[in-house]
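There are 2 protein chains.
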Amino acid sequence: MIRHTVMFRFKESASPEEISAFSNGLTEMAPKIDAIVNYEHGSDLGVNEGNFDYVVTADFADLDGYTTYRDHPEHKDVIARTSHVIADRAAVQFEWQG
Amino acid sequence: MIRHTVMFRFKESASPEEISAFSNGLTEMAPKIDAIVNYEHGSDLGVNEGNFDYVVTADFADLDGYTTYRDHPEHKDVIARTSHVIADRAAVQFEWQG
Chain A
1 MIRHTVMFRF
11 KESASPEEIS
21 AFSNGLTEMA
31 PKIDAIVNYE
41 HGSDLGVNEG
51 NFDYVVTADF
61 ADLDGYTTYR
71 DHPEHKDVIA
81 RTSHVIADRA
91 AVQFEWQG
Chain B
1 MIRHTVMFRF
11 KESASPEEIS
21 AFSNGLTEMA
31 PKIDAIVNYE
41 HGSDLGVNEG
51 NFDYVVTADF
61 ADLDGYTTYR
71 DHPEHKDVIA
81 RTSHVIADRA
91 AVQFEWQG
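The listed protein sequences derive, respectively, from chains A and B. In this text, residue positions in the first sequence follow this note's numbering: the first is 1, and each later residue adds one. In this text, residue positions in the second sequence follow this note's numbering: the first is 1, and each later residue adds one.
Keep in mind that a hint or two might mislead.
As the list claims (entries may be wrong) - Label pairs and their computed distance ranges (CB to CB):
(1) A:Glu28 to B:Glu95: 17 to 27 Å
(2) A:Glu28 to B:Glu28: 34 to 44 Å
(3) A:Arg81 to B:Arg81: 22 to 32 Å
(4) A:Ser20 to B:Asp62: 42 to 52 Å
(5) A:Ser15 to B:Ser20: 42 to 52 Å
(6) B:Thr68 to A:Pro73: 19 to 29 Å
(7) A:Ile86 to B:Ile86: 36 to 46 Å
(8) A:Pro31 to B:Lys76: 14 to 24 Å
(9) A:Asp71 to B:Asp77: 26 to 36 Å
(10) A:Gly98 to B:Glu28: 30 to 40 Å
(11) B:Ser23 to A:Glu17: 35 to 45 Å
(12) B:Glu28 to A:Asp71: 13 to 23 Å
Simulated from the structure, these hints should not be mistaken for lab results. C-beta atoms are modelled at their ideal positions from N, C-alpha and C, and glycine is treated no differently.
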């Protein structure tokens, strides 16, 4: 399987409402994209210093599944509506034996 | 469950042998730490520009499981042996319904 992982830091100016809209946007998007096998996301728990603020881990049967998600209009719509709260982003896609 | 996610960028000076030693160190460590429920890791597939080079996703039953792993001597040993190849690191721990 392919696992897509992406972390975000929010801008200091991002309000709790904007961060909720970001998180809710992901929750509402996931069931609309058939290529997604598993979709987990959430805020950093605050256990360690220096962490990013938010992470998504998403599993796909193969690389085509991931690129279908990446380029899907529902995904692009969430990005367009919420990317103004993002200060930094880090991502990796890797293969694993799911 | 608690999912720990951590990404790495390797130094440009890191050799393929050093990166293999890093990856193999994680593979050999995981079965020695009972608190780990799932442990997946791998190199970025190179599909997107600007990605980090490597990622670990690790699941634990609860936060105590994660901190047991974080502070475990086998984990600290891998860090001590391989951290010289790391240029940058990004991490998030989050809660999900496993």
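Taking the hints in turn, this is what the structure says about them:
1. A:Glu28 to B:Glu95: 17 to 27 Å: holds (19 Å)
2. A:Glu28 to B:Glu28: 34 to 44 Å: holds (41 Å)
3. A:Arg81 to B:Arg81: 22 to 32 Å: violated (44 Å)
4. A:Ser20 to B:Asp62: 42 to 52 Å: Violated, since A:Ser20 and B:Asp62 (Cβ atoms, about 25 Å apart) do not stay within the stated range.
5. A:Ser15 to B:Ser20: 42 to 52 Å: holds (45 Å)
6. B:Thr68 to A:Pro73: 19 to 29 Å: The hinted range 19 to 29 Å is violated for B:Thr68 and A:Pro73, with Cβ atoms some 43 Å apart.
7. A:Ile86 to B:Ile86: 36 to 46 Å: violated (24 Å)
8. A:Pro31 to B:Lys76: 14 to 24 Å: violated (41 Å)
9. A:Asp71 to B:Asp77: 26 to 36 Å: Because 42 Å falls outside the window, the suggested range is violated.
10. A:Gly98 to B:Glu28: 30 to 40 Å: Since A:Gly98 and B:Glu28 have Cβ atoms about 21 Å apart, the given range 30 to 40 Å is violated.
11. B:Ser23 to A:Glu17: 35 to 45 Å: At 41 Å between Cβs, range holds.
12. B:Glu28 to A:Asp71: 13 to 23 Å: The hinted range 13 to 23 Å is violated for B:Glu28 and A:Asp71, with Cβ atoms some 38 Å apart.
Hint compliance for this structure: hints 3, 4, 6, 7, 8, 9, 10 and 12 are not met, and every other hint is.
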